[in-house]
Amino acid sequence: MMDIPFQALVSQAMLGLNNGAFYALLSLGLAVIYGMLDVVNFAHGAFYMLGAFLALIGLDYLPVWTGIEGLRLGFWMALLLVPPLVGLLGITVEALMLRRIARLQPIYGLLLTFGLALILEGLFANHFNSGGEPYGGKPAALEGAVDLGFMMFPRYRLFSMVLAIVVCLAVWWGIERTRFGAQLRAGTENPDVARAFGINVPRLRSLTYFLGTALAGLAGVVAAPIYTVSPHMGSEIVIVIFAVVVIGGMGSILGAVVTGLALGLLEGLVKVIYPPLANTVIFVVMALVLLWRPAGLFGREA
Amino acid sequence: MSAARAPGLLGSPALLSWIGVLALGVLLPFLVYPVLAMEMLCFALFASAFNLLLGYGGLLSFGHAAFFGIGAYVCGHAAKVWQLDPLLALACGTAAGVMLGVAFGAVAIRRQGIYFAMVTLALAQIVYFVLLQAPFTGGEDGLQGIPRGALLGVLDLQSESVLLGQRAAWGLYGLVLAVTVSGHFLIARVLASPTGLALRSVQEHEPRARSLGLPASGLKFGMLVLSAGLAALAGALKALVLGLAALTDATWQMSGEVVLMTLIGGVGTLAGPAVGAGLLRYLHHTLAGLGSWVTVVLGGIFVFCVLVFRRGMIGEWLAWWQRSRAAVGSSGR
Amino acid sequence: MQQTLQRSLDSKTRQRWNGRLGGLACALCALLPVAGWAGPNGIKIGVLTDMSGQYAAISGPGSVVAAQMAIDDFGGKVLGKPITLVSADHQNKADIGVAKAREWIDTQNVDMIADLVNSGVAIAVQKLGAEKHRITIVNGAGSTALTNKECSPFGVHYAYDTYAIAKGTATALAKQGLDSWFFLQADYAFGQALQSDAARIVTGLGGKVTGTVKHPFNTTDFASYLLQAQSSGAKVVGLANAGADFTNAVKQAREFGLKQTIAGLLVFDTDIKALGLATAQGMKFTTAYTWELNAETEAFGKRFLAKHNAMPTMSQAGVYSSTMMYLNAVKAANSDDAEAVMKKMRELTVNDFFAKNGKLRPDGRFVHDMYLVEVKSPAESRSNWDQLKLVATIPGDQAFMPLAESTCPLIHK
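Chains as they are written, first to last, in the numbering used here: chain A, 1 to 302; chain B, 1001 to 1333; chain C, 2001 to 2413.
Simulated from the structure, these hints should not be mistaken for laboratory data. Ideal placement from N, C-alpha and C gives every residue a C-beta, glycine not left out. Accuracy of the hints is not assured; some may be wrong.
[As the list claims (entries may be wrong)] Computed Cβ-Cβ distance ranges for the label pairs, DEER-style: (1) B:G1174 to A:P202: 55 to 65 Å; (2) C:K2132 to A:G70: 56 to 66 Å; (3) A:P5 to B:A1106: 31 to 41 Å; (4) B:G1300 to C:L2205: 18 to 28 Å; (5) C:E2380 to A:G70: 51 to 61 Å; (6) A:F197 to B:G1300: 33 to 43 Å; (7) C:L2403 to A:E143: 44 to 54 Å; (8) B:E1204 to A:L80: 51 to 61 Å; (9) A:L158 to C:R2382: 48 to 58 Å; (10) C:N2294 to A:G70: 41 to 51 Å; (11) C:R2254 to A:F197: 53 to 63 Å.
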């Protein structure tokens, strides 16, 4: 424990950042949904799991189920098709269920989406091995590892990290700088005034939920080649994502992204310094942050 | 949440449900497999403890499994390693829950609504990992081989006998039933006391209650600690019944399940959570052969309850009963 | 098979309802002391396993098939009464496993519980068996605790254990000069047993252990553990885990370009299938059974393959062999009483495709030969399941922990 090799520290930091990029991508979607809809989307992990499974199904099961070999969807197709598909499911959920309880306390939204998460997880655990199945569709171009000098880093992981960060920045830019973003922010701040200015608030809500869940689906597809595609992958990560969003400040987009990356990094470092703490460090940080700044690092006091 | 609450907690409808629950408690081991009956009772206490906070304090804790789990582990450790009397082991488990409740309260009690839910969830996750990694907990295997022992050195909780044609560890069943009923009685007494009334006024309108000089945070804090202690007692009891403390007891899925038990039975009703807990454990048991369909069914019930059945079974029944009495209109919306 | 299962499930439900209605009637009238609804006196075997998780491929439904094959081969009847089979999923959770086993024993009068993959579950259920006087035959789980600290007068540990598999593999690697180890250990009873047994054997052979890192059961991302192994400088990275944990760790080790020798301590035929020969070739490990050994093992393997669509693993083959042994003992004892049957099982010598001169020791260990095998290269493989070749046979008395070293309280009274 006393002398930790610098190389090991840097390598673990890289892996931590890699995980952090996923945290950022997922908490971004969660923050967008919470900011706009006041719904703490417990099903976010389930949508992430769904994204990964749709990629797996496209690759391994679709040709078998349909009997048409041409229907085998590779990684790039999945990357393109799966997020909107997951987003559409998100819209359906919003229109059929969340809208009906929109006037109730936000706690009901949490409970409803918790139920949805259970349903999705259970359905997939029934049909697929609950221990997980490997995704074999990693693109050939991203096979192998890159020598970073201090470590061999798998090319695909590098790709996933860059992609996640680029998407996060793009979404942030879109919300801060575009007309849609401005409407969205207006709708978040004051729905009634926004409606008075002719903004179609219900449609905006649908779009938000689409965006948020599609981001979760995207994270799922990108995660599939790295982790085993498992029915429980969503429920394993969703609590961490909650903590990230709470630390960053509920509903703060920038907070979600920055905190996600930072906490991934922190987790990686703790793995080297004191491994038993690695699983809990995020929650400990959360408790400390809440004692010090109740609204989170980037949030405003409600 | 206010829609789901029914007044008149010790009025005659509640009294009726009290008698019903008690009678069921005696009949239960003849209706279902006795070990399942004991498990149902443990969860009834757990859900009622949880409801104390949600139904009467307006606080949704999403980390109650931490109390349940710590109660099970500490009680198990006390009975197995320290070889304490079952009663003392139960007390140890409860005390651990109370202490944990104080810790949770210190961090979370000033948060409300969603924030309270998420903070308790995160804190419970820390407890979960401690139970997973601490040297005395047996990791993923759980704490196994917890002896049931003999109550006060006299009443053997282990041995089984045949009573009216049903074979069970009747000594243990008696203990479980007694503890569960006393737990519920305590909850009822606290709610009927001035403190309980003050708590309800805080829940209805916190700023007004504060302006009347009620120590809102203090009241909620007290309720959290009481709820934590009772939840831990329920967990400790379960550990004695099953002879092991499992990690499952401390997972956030368990925290979710206790919410469901309360919701399906009736938030803010005395008997509701107990009924919901019994029903859900029974469902678990009968659907066990179906594998993960259990999860799907639970999720479905959750969605159904939130969308159209927010009063829960007992809540609906109370509302119906009141409507039929017609004299007083139902106060819920 | 399907039908038999269905039938036994139906009768199970009916029985339960009868019991419940009877109980209700009894409670309501509370007049007549009714005799209990003791099940029929036939033999009932319960396969308690992981039906859909990590270990579903190495035990799971295949173990149910193997048990049914044994029952059918035995003739479906013993002592003139039918043999029935029930099965359940313990989801790798000790609490669920114990609850199920307890219910089986209490309400269905199950005589013997088989398979018991996952050491955490196996230890808990074996304890329950000791308490309730029911025989438990462990095939899927490996922890040596089952025949040491936690041993039971009604517990049999049949196919393999962590000591035997670690010993064969570590000895073989030590001979190649690979003597410093870093362990990745699954953090539950099995991983602990495997790591400590392997570490003891490695140091006993003059090697050293440079470090151990624990990972949770069912880990999907091994990256950070592998990097620790890499920077440890050990020559061998020992994987003290099994099933999907093992295959994921091997695949990710390749991904990160680990140059050390990867030693799988517990490897099943199905794992090699999942990894592919190209990834796994050259890997040496110890096993209790593989179909490639000889004509007898091949005959069983092909029969099983026809029913289950995969070659049997050593646990599944062990379920067949041990169920046969149990039924033979019931017949020889002319009773289903657990104590009488255990006595006969200790007297019997097993000679079948799985075990030659197999004997049951007082600590519950079933002793038989083990095999050191090597994974073939894709070029060497002639058919779909042709994966392993025999390197050496390890005689039973050398493969397992000597009885003198056992810490089982039953033998040192």
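Here is what the structure says about each hint:
1. B:G1174 to A:P202: 55 to 65 Å: The hint (55 to 65 Å, Cβ to Cβ) holds, given that G1174 (chain B) and P202 (chain A) are roughly 58 Å apart.
2. C:K2132 to A:G70: 56 to 66 Å: The hint (56 to 66 Å, Cβ to Cβ) holds, given that K2132 (chain C) and G70 (chain A) are roughly 58 Å apart.
3. A:P5 to B:A1106: 31 to 41 Å: 39 Å, holds
4. B:G1300 to C:L2205: 18 to 28 Å: Violated: the Cβ-Cβ distance is about 57 Å, outside 18 to 28 Å.
5. C:E2380 to A:G70: 51 to 61 Å: 35 Å, violated
6. A:F197 to B:G1300: 33 to 43 Å: 40 Å, holds
7. C:L2403 to A:E143: 44 to 54 Å: 51 Å, holds
8. B:E1204 to A:L80: 51 to 61 Å: Once the Cβ atoms are compared, 52 Å apart, the range 51 to 61 Å for L80 (chain A) and E1204 (chain B) holds.
9. A:L158 to C:R2382: 48 to 58 Å: 40 Å, violated
10. C:N2294 to A:G70: 41 to 51 Å: Because 45 Å falls inside the window, the suggested range holds.
11. C:R2254 to A:F197: 53 to 63 Å: About 58 Å separates the Cβ atoms of R2254 (chain C) and F197 (chain A), which means 53 to 63 Å holds.
Hints 4, 5, 9 from the earlier list are contradicted by this structure; the remaining hints agree with it.
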